[in-house]
Amino acid sequence: MKNEVKKYLPLQCPACSSSLRVGKMFCKECGTEVCGDFELPVLGRLTEKEAQFALDFVKASGSLKDMAKSMGLSYPTVRNILDNLIAKLNG
Amino acid sequence: MKNRFWTLAVNPFERIAGMKALLWGVAAMAVSTVISCLSGWHYHGMLHFGPAPNNEWWVYAVEHLIVWLVPAVVFYIGGRTMSSSRIRVSDVFGTMAFAQIPLILMGMVSLLPPMQALNGITEANAMQAVTQPWFVAAMFLSLLVIVAVVMNVVWMYNALKVSCNLSGYRLRVFFIVAYIGCDVACRYMIGALY
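Chains as they are written, first to last, in my numbering: chain A, 491 to 581; chain B, 25 to 218.
There's no promise every hint is true.
To be verified - For lysine to aspartate or glutamate, the following EDC-like pairs were computed, each having C-alpha atoms within a straight-line distance of at most 16 Å:
| no. | chain 1 | residue 1 | chain 2 | residue 2 |
| --- | --- | --- | --- | --- |
| 1 | B | 185 | B | 38 |
| 2 | A | 555 | A | 527 |
| 3 | A | 555 | B | 207 |
| 4 | A | 559 | B | 38 |
| 5 | A | 497 | A | 538 |
| 6 | A | 559 | A | 538 |
| 7 | A | 578 | A | 523 |
| 8 | B | 185 | A | 573 |
| 9 | A | 539 | A | 494 |
Quick caveat, the hints were computed from the structure, so don't treat them as lab data.
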């Protein structure tokens, strides 16, 4: 059985550290390719950890108290993660 | 695992804040007040400790309250002014109360005979005291006091960082200015008790 390597979507240019954009997409079934200049979706711009936090936050119905309990962190720590995430999305 | 322990030892507020931290902190301050009553070790400010002329029990209690409440109020006002996060009173006051816990170690050290003997030093017997064997022990114990005070300062810094969501130069500059200002204010307020 072939070992599957987990790959992460790169968000920054490895050469100059600028944010990357989408230039090419393709259909895995028929091989059709679409080229152009597209922005990454908002959630796609987050790191895996940040995206997981956003997903967990939605799953917890937006309850920071529940999030804090499930993550084993204090309420202000979780609120700070969320506030920093909001600042990143706004910025 | 070891790393996790040190992270929590330096910043326990990642895990504890709010009412839970407040209850632990208030309990610790009650214990610390009793120890201070027994040892005669007063808080003169946030960084100054030693004997004082008024040894009534309520003086020790008020000293502990001043050293907790003055910086907590200043940090809360600073946090409300500078942070974009919604700050909870219980987090600021709770984490600041919890940050007083290391000072119990200082109180316990001050109960030991060499530290008690150190309290009895006056100008008249200072030269004689330096030659006594307990003086060296008192100097080593003083290092433990320094460790407790440093831990208290580090916890207060992290209490401000977590409860008010401040970071970078704003956090560092505000903490230094507020800490020095609060120490001066505490010294004046506590000085009025004697």
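Cross-check of the supplied hints:
no.	hint	result
1	185(B) <-> 38(B)	holds (10 Å)
2	555(A) <-> 527(A)	violated (41 Å)
3	555(A) <-> 207(B)	violated (34 Å)
4	559(A) <-> 38(B)	holds (12 Å)
5	497(A) <-> 538(A)	holds (11 Å)
6	559(A) <-> 538(A)	violated (21 Å)
7	578(A) <-> 523(A)	violated (31 Å)
8	185(B) <-> 573(A)	holds (14 Å)
9	539(A) <-> 494(A)	violated (20 Å)
Checked against the numbered hints above, the structure breaks hints 2, 3, 6, 7, 9 and satisfies the rest.
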